[in-house]
Structures are given as structure tokens and as C-alpha cells.
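K.L.:
Residues per chain, in single letters:
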Amino acid sequence: SAVISQKPSRDICQRGTSLTIQCQVDSQVTMMFWYRQQPGQSLTLIATANQGSEATYESGFVIDKFPISRPNLTFSTLTVSNMSPEDSSIYLCSVQKRAGGRGYNEQFFGPGTRLTVL
Amino acid sequence: AQSVSQHNHHVILSEAASLELGCNYSYGGTVNLFWYVQYPGQHLQLLLKYFSGDPLVKGIKGFEAEFIKSKFSFNLRKPSVQWSDTAEYFCAVRGNAGNMLTFGGGTRLMVKP
Numbered sequence: 367s368a369v370i371s372q373k374p375s376r377d378i379c380q381r382g383t384s385l386t387i388q389c390q391v392d393s394q395v396t397m398m399f400w401y402r403q404q405p406g407q408s409l410t411l412i413a414t415a416n417q418g419s420e421a422t423y424e425s426g427f428v429i430d431k432f433p434i435s436r437p438n439l440t441f442s443t444l445t446v447s448n449m450s451p452e453d454s455s456i457y458l459c460s461v462q463k464r465a466g467g468r469g470y471n472e473q474f475f476g477p478g479t480r481l482t483v484l
Numbered sequence: 005a006q007s008v009s010q011h012n013h014h015v016i017l018s019e020a021a022s023l024e025l026g027c028n029y030s031y032g033g034t035v036n037l038f039w040y041v042q043y044p045g046q047h048l049q050l051l052l053k054y055f056s057g058d059p060l061v062k063g064i065k066g067f068e069a070e071f072i073k074s075k076f077s078f079n080l081r082k083p084s085v086q087w088s089d090t091a092e093y094f095c096a097v098r099g100n101a102g103n104m105l106t107f108g109g110g111t112r113l114m115v116k117p
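Read top to bottom, the protein sequences are chains A and B. Just so you know, we're using the numbering used here here: the first sequence kicks off at 367 and counts up by one. Just so you know, we're using the numbering used here here: the second sequence kicks off at 5 and counts up by one.
Any given hint could be a false lead.
To give a feel for the contact side, a few chain B residues facing chain A, derived at Cβ under 10 Å [to be verified]:
(1) 38
(2) 48
(3) 96
(4) 104
(5) 110
Since the hints were made in silico from the structure, they are not lab data. In this text the structure is predicted, and so the values were computed from the model without any measurement. Quick reminder that beta carbons are idealized off the backbone N, C-alpha and C, glycines included.
When you get a sec, could you build the whole thing from the sequences and use the hints?
P.N.:
Structure below.
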């Protein structure tokens with residue numbers, strides 16, 4: 367398995383400011399992802415955090431709004447820039463690891479960062 | 005593109021009742037299938053998974069799911085629910101050759117004591 371921690375666990379921010387969320391994994395992983403879970407909704411993939419290169423963003427998400435860093439195989443950050451109330455959400459870090467003898471990939475999730483934008 | 009549909013958005017059951025949550029997916033190739041659970045105030049946990057082999061998979065806490073390829077379904081079942089099963093349940097699919105996990109809309113289960 368993988369143990370994932372996120373900081374901060376929650377924050378309340380003012381409109382127009384930015385917040386950087388940190389994700390730390392207890393072991394080296396190739397694939398790291400950032401998801402958003404808006405109130406009452408399911409999880410939506412924001413981007414794949416690539417080590418040593420730019421993140422790969424999903425449709426509807428752009429680097430200027432959600433810059434991502436991945437300096438090594440155990441750490442990543444997601445910044446929510448120029449925030450508005452619509453950005454109020456839970457942001458989750460996720461990693462993939464090989465599991466079992468057959469080499470299938472399992473996906474694990476961090477505890478999430480609950481963001482409220484006023 | 006892959007997609008996942010969970011038809012039951014809210015389910016209310018009494019303790020000891022049987023549970024079946026529907027999950028249908030759309031994807032043209034071989035898939036990996038997952039059920040995740042999110043208990044109130046906690047983070048997502050993997051309940052069970054299907055990669056290959058026996059289409060009836062057993063997970064934690066007495067849950068099981070059956071992969072029916074012809075129906076593109078992966079329904080979650082439990083013979084007798086408990087109050088502690090109150091949670092939100094998410095079905096997810098990933099193409100066998102890919103990395104992207106696509107989630108269904110979730111089903112909020114409330115079990116009345």
C-alpha cells in the first residue's frame with residue numbers, strides 16, 4: 367500500500383488569493399495525480415503530476431489556474447490560483463503502485479484538503 | 005473515452021437488509037474495475053477490485069462485486085448491511101492499458117439502526 371499525507375488538511379481563503387497544497391508519499395511512485403471533489407459530487411481528475419516534466423492536464427483544467435510541481439518521486443504540490451468561491455472543494459492527491467505478484471496497479475488516495483473560498 | 009454510471013444516488017436501508025449498488029461502465033477494451041468507500045469525515049478507501057480471473061470478487065467488510073462483461077456491469081453487493089456501512093460508495097474504471105481512473109457519481113448509503 368501507500369501512505370499519503372496532505373497539508374493543509376483544510377483552509378479558508380479569501381477570493382483572489384492562492385493556496386498551495388502539498389502531497390507526500392511514504393515511498394517512491396511513478397504516477398501521482400490530483401483530483402477534485404466538489405460538494406456533493408464525485409471525483410474529477412485535474413492532472414497527472416509528472417516527475418521532471420510538466421503536468422498533464424485534463425479537459426477543463428489549465429496550468430495557469432492549477433500549477434503543479436513534482437520535484438521527486440515522493441512529493442508533489444498543487445496550487446489553486448486566483449481563487450473564487452467556485453474553487454471550494456476537496457482536493458485529493460492520489461498515487462498508483464504495483465500490487466500483487468501479477469503487477470497490477472492499485473490507486474491510493476490521500477486524506478484530502480478541504481478548501482473553502484469566501 | 006471511458007465513463008461510469010451509478011444509477012442509485014441515495015439508498016436508505018435498515019440494518020440486516022441486503023444491498024446491491026449498480027455500476028455500469030462504458031469502455032471499448034479490457035478494464036480494471038474498483039469500488040471505493042468514503043465513510044463520513046474520512047478519506048477514500050479501496051473496498052475491492054477486479055483485474056482479471058474470477059468475475060466474483062470479494063472485498064473487505066463482507067462486500068463483494070460481480071463483473072458481468074456482457075452487461076458492462078460491476079455491481080456491489082452485501083447480504084446484510086450494518087449501521088457502520090453508512091458511507092458514500094464510488095465505482096471506478098480504468099482501461100487496462102491506461103492510468104486514468106474514472107469515477108461514477110457515487111451512491112450515498114444510509115443504514116438505519
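K.L.:
Are the hints correct? Go through all of them and say.
P.N.:
Here is how each hint holds up against the structure:
| no. | hint | result |
| --- | --- | --- |
| 1 | 38 | 7 Å, holds |
| 2 | 48 | 4 Å, holds |
| 3 | 96 | 8 Å, holds |
| 4 | 104 | 6 Å, holds |
| 5 | 110 | 5 Å, holds |
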